[in-house]
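Enquirer: Given next are the chains, with one letter for each unit.
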Amino acid sequence: MKNKASRVAFNGLLSAFAIAITTVESFLPPTALLPPGIKIGFSNVAVMMAAKNLSFSSAIFISLIKSFYVLATRGFYAFVLSLSGGVASTLVVILVFGDKKGRFGCVGAGLIGAQTHNLAQVAVYSLMIGRAAFYYLPVLSVFGIASGALTGLTLYFSERALKVFNLDKLKSNSAVWRRHHRKEKQKNG
Amino acid sequence: MRNDANGRRKLLRPADLLLAAAIIALSVFGFLMFRSGEGKTAVIEYNGKPVKTIDLSLVKEQYSFEIAGDLTVEITVSPEGIWFSKSECRDKLCIQFGRLTNKGEMAACLPARVSVRISGDSADKITFDGITG
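Going line by line, the protein sequences match chains X and A. So that you can map any letter, position 56 of the first sequence is 56 in our numbering, and since no number is skipped, the others follow by simple counting. So that you can map any letter, position 38 of the second sequence is 38 in our numbering, and since no number is skipped, the others follow by simple counting.
FYI, nobody ran anything at the bench for these hints, they're computed from the structure. All figures in this text were calculated on a predicted structure; none of them were measured in a lab. Warning: the hint list may mix true and false statements.
Okay, derived cross-link-like pairs now, SDA-like style, lysine to any residue, Cα gap no bigger than 25 Å in a straight line [unchecked claim]:
hint, chain 1, residue 1, chain 2, residue 2
1, X, Lys163, A, Leu12
2, A, Lys52, A, Thr76
3, A, Lys103, X, Val122
Beta-carbon label-pair distances, calculated as ranges [claimed, not checked]:
hint, chain 1, residue 1, chain 2, residue 2, range
4, X, Ser57, A, Asp121, 43 to 49 Å
5, X, Lys100, A, Ser78, 38 to 44 Å
6, X, Thr23, A, Asp121, 38 to 44 Å
7, A, Ala68, X, Arg160, 52 to 58 Å
8, X, Ser57, A, Leu17, 30 to 36 Å
9, X, Thr23, A, Lys86, 26 to 32 Å
All C-beta atoms in this analysis are idealised placements derived from N, C-alpha and C, irrespective of residue type, glycine included.
Excised from the complex, chain A in its bound form:
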């Protein structure tokens, strides 16, 4: 029976469960793809182009620097990870992402168009497109 007694759409159909299972499988696959393995290279991008890479395993003490995107953001690096510490943007979503420590994690400030991700590639593999950071 496709609808319930009053001709209404049913709450749950077999296809719903198949769909949920498929989404879970794909998410797990996505997590494994992005998160597994060692990744210590932080890639900072503006407008989708890398402007700076940092090998986090070489960071000895905490320091901050500014990236001038569409807005200026401040990023802080420490031996434990990397995070957005200040931003001129409105909702500060980028700061809420918190500290990134593992491969596959990301944070972004959309109004500044600046993103940070931790990649599994080594720093020299990331190609720069002639943009200075």
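Chain X on its own, in the form it takes in the complex:
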């Protein structure tokens, strides 16, 4: 089935993108602009795109693949933080894009994802080092607004650029996809 093949291909493409961007971000030198440990998190664009256009399992798959890549390259502690933030924000972003009424736009989804990522990480961080972890939360939140808005913008505009993939027809049970097939049937029958 053509649709299934494109979904598998797109899933692979997004996974590769997530890993590539995670690598690039880990090589960025620490600067005065970004406090230690703070990253923009562009790989979340891949997760959001999967949550929006593919499926629940695809989004979770990409965030897990990313975390295991972090385990292999940056060690256990980076893995624990990546996993906690990644899985929590993926679940919440899936809810945002599953919302039929579309209450939040792409920027809102980015913001919610970034803040959930921060909160989950600080919670796990506090279990390991104690109260000092919460001292970092306001700093993370402020940068989370910038990075969340930036990932949301990137999601919106990269989807327009990826029109060639017919993203609206990828989701297996989406209304658009069903309508598309009904039309095809009518045309042929």
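Given the coordinates of chain X, work out where chain A should sit on it, guided by the hints.
Expert: Same frame as chain X, now just chain A:
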């Protein structure tokens, strides 16, 4: 209109702006809560339990000491502040936090499970749980 002409999710919805405003308000509140006021007590914790407190206003000259957490880290204190100066860990994130000078600032070495924060409480208010530093 909830989606744009092609049925796609919109870029920005009113709820997004409300959300951003709420996050900004909470962050400002958090900053005020943690950062306002005088704080001169550096609290060093291992595994979430205080192992050492230093009244920074009493520090006259720079000195360093080691804390044996899951890994050993070296912390340096001077009249201006406190910072991680050496660590056995892999990414040295703890050193990148730089010098802590104001209340509400923190630095941590996750692999060593050692953290430093500057608290507003006086040193005798921090309770030790019978762990030696």
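Enquirer: For each hint, tell me whether it holds in the structure or not.
Expert: Hints, one by one, checked against the model:
no.: 1; hint: X:Lys163 <-> A:Leu12; result: 20 Å, holds
no.: 2; hint: A:Lys52 <-> A:Thr76; result: 13 Å, holds
no.: 3; hint: A:Lys103 <-> X:Val122; result: 19 Å, holds
no.: 4; hint: X:Ser57 <-> A:Asp121: 43 to 49 Å; result: 48 Å, holds
no.: 5; hint: X:Lys100 <-> A:Ser78: 38 to 44 Å; result: 59 Å, violated
no.: 6; hint: X:Thr23 <-> A:Asp121: 38 to 44 Å; result: 42 Å, holds
no.: 7; hint: A:Ala68 <-> X:Arg160: 52 to 58 Å; result: 55 Å, holds
no.: 8; hint: X:Ser57 <-> A:Leu17: 30 to 36 Å; result: 32 Å, holds
no.: 9; hint: X:Thr23 <-> A:Lys86: 26 to 32 Å; result: 28 Å, holds
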